[in-house]
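Q: With chain A held as given, fit chain B onto it using these hints.
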Amino acid sequence: MSAPSSYTWPYPIRYGQQDTHETDVLILGGGIAGVWAAIAARRTGARVMIMEKADTRRSGAGGTGVDHWNYAADNPCSTITPEEMTQALVDNHYGYRSGISTYIFTSSAYETLLEMEAMGGKVRDTDDEYKGAPFRDERTKLLFAYDYQNRYTLRVWGANYKPLLRRQCKKLGVEILDRTSATALLTENGVHGARIVGVTGVDCHTGAFVVVRAKAVILATNRPQRIFTFSSEQRGSAVHRGGSNVGNGYAMAWRIGAEFTMMEKTMRTVFASPYNFPIYGSGNMHNTWYPATIVDANNKEVPWVDCNGKILTSVEERCRPAEGQKFFLMGGGNAYPPPGLKQYAGPKLIPDLEARMLKGEFTPPFYADLTSMPWYERKVIWGLMVGQEGKTRIPIVQTYEKAGFDPAQDMLQAYDFLRGQGMAETGAPQERTFGEIGVAGGLLVNWDLMSNIPGLFGAGDLLFGSQDHGNAATTGRYAGARAALYARGVRHGELAAVQVEREKKRVYVPLAESPDSMDWKELNFGVARVMQNYCSELKNEELLTLAETWLADIEQNEVRRVSAKNPHQLMRTLDVIDILTCAQMIVQASQARKASSHVLSFNRIDYPAVDPPEWRKYLVIGRDAGGQTRVTDRPLGFWGDLPSNYGPRHAENIAAMQAAQTTAAT
Amino acid sequence: MDTPVVYATPNPPTPGRPVIFNPAVCNGCNTCAAVCPEDVFIPNPVKGESPIILHPEECWYCGVCVDDCNHGGGIRLNHPLQQRVRWKRKATGEHFRMR
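Here the protein sequences line up with chains A and B, keeping their order.
First residue of the first sequence: 4, per this note's numbering; consecutive thereafter.
First residue of the second sequence: 135, per this note's numbering; consecutive thereafter.
To be clear, the hints were calculated from the coordinates, so they are not data collected in a lab.
Computed from a predicted model, the values in this text were never measured in an experiment.
Wrong hints could be hidden among the right ones.
[As the list claims (entries may be wrong)] Some chain A residues near chain B, calculated using beta-carbon distances under 7 Å:
| hint | residue |
| --- | --- |
| 1 | 13 |
| 2 | 16 |
| 3 | 20 |
| 4 | 58 |
| 5 | 61 |
| 6 | 67 |
| 7 | 240 |
| 8 | 245 |
| 9 | 246 |
| 10 | 281 |
| 11 | 284 |
| 12 | 285 |
| 13 | 406 |
| 14 | 408 |
| 15 | 415 |
The C-beta atom is built at its ideal place from N, Cα and C for all residues, glycine as well.
So here's chain A without its partners, still in its complex pose (with noise of 0.2 Å):
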């Protein structure tokens, strides 16, 4: 092959440069909950722009779809309120998930559905490919998945959702600023902890620098990842969030001063492993694929048992909650930790299934086998359920069905659940992740959920205990009617040039060259390679203390190593910057925690009590003016009375909306 090995970089170079841009509401990540933070902002009558790293046509975990609408709780066909699905949740995270954001989500996934389905998006079986099935409710033509009783989470046809949103962005007037990597907070007059008043970046495709003036900014960044795992050249179809999810929201945030929590929860997962395979994309019988048959290697079904340790003997058994249980949670033995709650477990395989094929009763390897399923869940989890998840019609059903799988006569070999039976706790010790799935710590919130640096709001996974696609698009869509209804009571703030032009001079440090470079992926290895020895499994004072000492060292010696060479490396270095960050705040909170913890899947040997009383709280970091961490906390429920707090809000929030468009069509 006699093909060049470099180019000339195809964009211009504009290092240096400075661009410069004013808004009201600027919301930075242009995934899921960024453009519906959009959407509600400009509906409520704000100027708003978004700055994305990627391209907001697909960009973000949910840009290439979703075919589970969670916990809608507020759909016609739910048999469960939002109260109770709430409390559920939380209490199936023992405390440890948000009660705000699960709210959020819980009351108005439905509604915001319908505005999905208003902008085009497919949410019901119009054309009657599931006509009898026992998921689909005739009247409404809704699919329901996991428990077919009780109906509150939808199947919907999302693949193009995200297309869908961002045209309707341009639509409304939002202004976007595609390949462009938020940096730093600017605080007004530059002090720690002062209110928003905007945001630096820098393009991805020129290196140019760019600061824009806004009242009100929503992070929407997702959370950090490559914190203990890294390896480019093995993860990438394995992994829920792509490249562009590093934590630059939770990093940015904390060095202004903003309240994290729940930072302290990492866990192990086979999704952080290397040795995963696409998601979705072998045999199991969880979350997507739920209820697959699984059979091992002589066709030998595996049976199923519900809460009870009841064995089903049908399908349909799967999907119906156990005697005494009102309703489940998911089921297939997707218990990512913590492990819920009996009162909401949902079917899953035999606990013992291990020990019998031990025994030699299976044989392994075990296979997921639809095509001894009935038509309409074969139909269904091929064709709907894996065909709109995100990272699946194209990598999956497209491919697989090219190379010639045929669910109805083919079985797709299972290789994740021997141990375990799930995703969770499997994998090696240092095989950890923080939040690649699962409720995760982020940023502290009110009901407005906005932090507590004035103007700065937050959606999505960002959130502390937040998580799903329906949870980003509900938050949201909250978060952007909140930070427009806020950005109308304030006027622009002062930026600090001393705060513009320092950060201006750290952005371009990785351009310089040293004679002992290295790339951006040597730094996220090695930082990587420090959170596993030293805030891994097993945690103590000396571990936390060391981790602690090697990051800091990392920071202060082997960042000016790193050398970008043109403004996408660049834009790779300052994330793994941010990833540090992110990694020495949970190496924080660890410190913090001075008692292990089974629900934050958190142990410290050296506090050997598991969950004691004294320790049942939310722990609370934030960075003072001296760059001193501070730590605080808070009790579980500390959100206090769902209804009261959500109901005034919501009005509000709708009312604006209507308002605003009512004022513009006249």
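A: The following block gives chain B in isolation, referenced to the frame of chain A:
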């Protein structure tokens, strides 16, 4: 036999070929480069040619480049060998794998 031209090249990143272009269909419109969430591609310096895969190891295998291809089939996803799943045909017991 002519002496082949041998180049001194660094090892390429792995996986090095996350997508494969179909030159019969691709007209170098660069839509795939524009939508890629990881900015894996750059436009080809030769107008009308398929984009350059500049950062293959950053590919997230989301498939939007394939989904959003303006010409339907100008580009296809190419799972790395170690990511290619196996399956079995129930009736015959034959084993297959992703190709």
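Q: Give a verdict on every hint.
A: Okay, the hints, checked on the actual structure:
1. This hint holds: residue 13 of chain A has a C-beta 5 Å from the nearest C-beta of chain B, less than the 7 Å allowed.
2. Using the Cβ-Cβ criterion of 7 Å, the hint placing residue 16 of chain A at the interface with chain B is not satisfied: the shortest such distance is roughly 13 Å.
3. This hint is violated: residue 20 of chain A has a C-beta 20 Å from the nearest C-beta of chain B, more than the 7 Å allowed.
4. Interface hint status for residue 58 of chain A: upheld, as the beta-carbon distance to the closest one in chain B is roughly 5 Å, under 7 Å.
5. The criterion of a C-beta within 7 Å of any C-beta in chain B is met by residue 61 of chain A, whose closest approach is roughly 4 Å, and the hint holds.
6. Contact between residue 67 of chain A and chain B, as hinted, is supported at the beta carbon level, the nearest pair being about 5 Å apart and thus within 7 Å.
7. Because the smallest distance between the Cβ of residue 240 of chain A and any Cβ of chain B comes to about 4 Å, under 7 Å, the interface hint for this residue holds.
8. Below 7 Å, beta-carbon pairs count as interface contacts, and residue 245 of chain A has one with chain B at about 4 Å; its hint therefore holds.
9. Of the supplied interface hints, the one on residue 246 of chain A holds, with its beta-carbon coming within about 5 Å of a beta-carbon of chain B, less than 7 Å.
10. Because the beta carbon of residue 281 of chain A sits about 6 Å from the nearest beta carbon in chain B, less than 7 Å, this interface hint is met.
11. Taking 7 Å as the C-beta cut-off, the interface hint given for residue 284 of chain A holds, the closest approach to chain B being about 6 Å.
12. Checking residue 285 of chain A against chain B: minimum C-beta separation of about 5 Å stays under 7 Å; hint holds.
13. Evaluation of the residue 406 of chain A hint against chain B yields a held restraint, the C-beta minimum of about 5 Å falling below 7 Å.
14. Interface restraint check: residue 408 of chain A against chain B, minimum CB-CB distance 6 Å, threshold 7 Å, status holds.
15. With a least beta-carbon distance of about 5 Å to chain B, the hint placing residue 415 of chain A at the interface is held under the 7 Å criterion.
Of the hints listed earlier, those the structure fails to meet are numbers 2, 3, in rising order.
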